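J.: Sequence:
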Amino acid sequence: MPSVESGTVCILGAGGWVGAGIYPALREHYHLRLVDILPVEELIARSEKPRLPQWRSVPEAPHEWRLCDVTDYGQVESALEGCDAAINLTVNRW
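Heads up: the sequence shown begins at 1096 in my numbering, then just goes up one per residue.
If you are wondering where the hints come from, they were derived from the structure by calculation, not from laboratory data. Do not take every clue at face value.
Ranges between beta-carbon positions, derived for each pair [to be verified]:
(1) Gly1116 x Tyr1168: 25 to 31 Å
(2) Ser1101 x Lys1144: 32 to 38 Å
(3) Asp1167 x Glu1100: 30 to 36 Å
(4) Leu1184 x Ser1098: 14 to 20 Å
(5) Gly1116 x Glu1137: 14 to 20 Å
(6) Gly1177 x Ser1142: 26 to 32 Å
(7) Glu1176 x Ser1101: 16 to 22 Å
(8) Gly1169 x Pro1148: 26 to 32 Å
Since the model is a prediction, treat every value here as computed from it, not as a measurement. Beta carbons: idealized from backbone N, C-alpha and C, even for Gly.
Make the full structure from the sequences, and use the hints.
T.: Structure, rendered in C-alpha cells:
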C-alpha cells in the first residue's frame, strides 16, 4: 500500500472529533490543511463534551484551516490543490 512520508495532507471534515483527535498525532509529521464547512473559532466556541476530542485552539502555522463545502466540487478541488494526500472525514451533521 502506498504511503506518504511527508508533505501536505488535506483533512476534509477536520472539524469533527476524529479530526480534532488525529491533529495532535499528525501535526509533527506533515503540513496539515484542515478543511471544514465551519470556522475553527466557531467549533472552539461550541466545545462542550469533555470526553471527546474537540478543537480548543486555532491550529498554528504551518498548518492551515480552510472553509469548504464538500458538496461543491470546485471548493473541494481548490482545497486539495497542492496536497500529497487526503483524508476524508466528512459526514452529514444535519
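J.: Take the hints in turn and mark each one as holding or not.
T.: Right, here's what the structure says about each hint:
1. Between Gly1116 and Tyr1168 the CB atoms are about 28 Å apart, so this pair conforms to the stated range of 25 to 31 Å.
2. The hinted range of 32 to 38 Å is satisfied by Ser1101 and Lys1144, whose Cβ atoms lie roughly 33 Å apart.
3. Here the CB-CB span from Asp1167 to Glu1100 is close to 31 Å, well matched to the stated 30 to 36 Å.
4. Look at Leu1184 against Ser1098: about 19 Å separates their beta carbons, and that is inside 14 to 20 Å.
5. Checking the proposed 14 to 20 Å range against Gly1116 and Glu1137 shows it holds: the Cβ atoms sit about 19 Å from each other.
6. The supplied range of 26 to 32 Å is met by Gly1177 and Ser1142, whose beta-carbon atoms lie about 30 Å from each other.
7. The hint said 16 to 22 Å for the Cβ distance between Glu1176 and Ser1101, and at roughly 18 Å that hint holds.
8. Roughly 30 Å separates the CB atoms of Gly1169 and Pro1148, a value that falls within the hinted 26 to 32 Å.
When each numbered hint is compared with the structure, no violation occurs for any of them.
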